[in-house]
Amino acid sequence: MTRTDRHREKLIFGGGLTARIAFASATAILALGSTAAHAAGDVKAGGDAFATECAECHSLKQGKNKKGPSMFAVLGRKAASIEDFKYSEAMKSSGIVWTADQIDAYITLPKKAVPGGTMKFDGIADAKERADLIEYLSTVK
Amino acid sequence: MISIRFFRGFSAVLGLAGALLAATPAHAVPSFARQTGQECAACHIGAYGPQLTPYGTRFKIGGYTDSDGKSGKVPVSGMVVASFTHTAKDQPEKPADGYSKNDNFALDEASLFLAGKLADNIGSFVQLTYDGIGKSTALDQMDFRFARATEFQDKELTFGLSLNNNPGVQDPWNTMPVWGFPYVGTALGYGGPDAATLINGGLEQRVLGLSAYAFYDKSWYAELGTYRSLSTWSQGKIGLDKAEDPGKLHSGSAYWRLAYMQDLKSSAWSVGLFGLHADVQPDRHSGPSNSYNDMGVDAQYQFLGTREHIFTVQSSFIRERQGRDALFANEEATHSVGYLNEFKLNTSYNFRQTWGATLGYFSTIGSSDELVYADNIRQRPNTQGETLQLDWTPFGKEDSWGAPWANVRLGAQYTHFAKYNGASNNYDGTGRNASNNDTLFLFAWTTF
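Chains as they are written, first to last, in our numbering: chain A, 34 to 174; chain B, 2 to 449.
Please keep in mind that the hints were generated in silico from the structure rather than gathered at the bench.
Beta carbons: idealized from backbone N, C-alpha and C, even for Gly.
One or more of the hints may lead you astray.
Said to hold, decoys possible - Keeping only pairs whose Cα atoms sit at most 20 Å apart, straight-line, the calculated DMTMM-like set for lysine to aspartate or glutamate is:
no.	chain 1	residue 1	chain 2	residue 2
1	A	Lys144	B	Glu157
2	A	Lys145	B	Glu157
3	A	Lys153	B	Glu157
4	B	Lys74	A	Glu116
As the list claims (entries may be wrong) - Cβ pair distances, simulated, as ranges:
no.	chain 1	residue 1	chain 2	residue 2	range
5	B	Val314	A	Ser114	39 to 45 Å
6	A	Lys145	B	Phe344	41 to 47 Å
7	A	Lys174	B	Leu158	35 to 41 Å
Make a model of the complete structure from these sequences and hints.
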């Protein structure tokens, strides 16, 4: 989430817990909508991309964290929200909600998307491969 | 890892190994998996060590310290190897006390490891092994590491130190002898060439070395180190047989390594150079020394894909120049200079990180010498052959039973010798042929 996004959140919902829940729900809906916008991805190819690029460090099982957190139902999830996973401070303070666009930006250049993050991954340059991967992740829920 | 280690003793430092071999497994221990939260397959081809994936290579370079960030991990693992060995023809003598000339079942060894993160930047891979053949316990492979990651010109730079007891044990690729195929070998048959270069186990566990290394941009690797020999008193204290002391290393021994790797995720490759120079004085009190200059080149390719089908090729070539001043002075060599060349080419296929097949070709060729190779009718060490291994590794994946606490590999390994100790036929003058040493080795190898 960018500074502008956070400012917009504050303007619309204020800072209270209820407001945050409402914002999270709305964001999740937007995330799903955003996923639909990325529906051009190929799920099969995305599964292969996950196995090649991600599976060493990320599980698809709910509650199963490896070196990286579980990717189960990641779309719509707030960053750094899995309680028993140790995130970097940068990720905790990022305010990101994992919409398809945010995932796309993150896996393009992780260190640019979250400076100070600890994920040891250079990113995926191929836009089609990223779209496939996001499409595949949208099915894991 | 399990790697064939030869009983070399004194003769090892001449480039000769004992006729029979001892297995000394190591590497790929579940405490690493528990520490990182990842399965064995993340770091190892075929979900079992020691063959490393690019991720496993970086884990080792990182000092065995990478983790999932959670505390309370105990860096301790265990390993047991049991086997059956059959040779094509009975061996001339019993391979070890308590065993027959052929068809031997054995508990090869049991090991305890201190393997994993000890502090933020310090990790270890230390193995204490009970040798079930020799009925003794000793310190086996040891590699304490300090590693620290930083950035240089916006690229990742890892630099570190390794305190170890075997030149090459610290190497993060599987092309050098210490961690090369075959990863487990028979102690009661014939697993490979009789003669070996110094870097191929001639000093293992008898020395202590310190090396510094740097790994830049996840590709460039450079390392430089030096070794000192342990005193015979120290060797005895860590459980080694003092009678097999190779001698005293003079100061100035050098180990070096240069390599370049590319991790393309669906594939990876590396090329490298390495070397070891050591002057070894067999008589620790006085007398001349033998000088060894080993230089090697290596390369490997891994097709990793989605990890369902994995294909690898590894190759290495080592040329050793032996300055045999001590041997010559003691009338144990007719030539004051000799050469030994070792070539290996291995290829493997693994299906679903479970079913594996590896075919390896080995060739050791050396210059002739009437005294150094007095037992060989051609007075040469030349040995050539192939090793085929089929194995099954049912666990070690994310959904495996017992993960990340248990893993096991069951395998069948067959080694064929086209030439042994200089000849295909009657290599020792008693009528024994190279193919008589063909060895079937069935093994069960478990780690926990």
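Against the structure, the hints:
1. A:Lys144 - B:Glu157: Since the Cα atoms of A:Lys144 and B:Glu157 sit roughly 12 Å apart, the hinted pair holds (cutoff 20 Å).
2. A:Lys145 - B:Glu157: Given pair A:Lys145, B:Glu157 holds - Cα atoms ~15 Å apart, limit 20 Å.
3. A:Lys153 - B:Glu157: Distance of about 10 Å is within 20 Å: holds.
4. B:Lys74 - A:Glu116: Measuring from Cα to Cα gives roughly 19 Å; hence the hint holds.
5. B:Val314 - A:Ser114: 39 to 45 Å: Because 44 Å falls inside the window, the suggested range holds.
6. A:Lys145 - B:Phe344: 41 to 47 Å: 46 Å, holds
7. A:Lys174 - B:Leu158: 35 to 41 Å: 39 Å, holds
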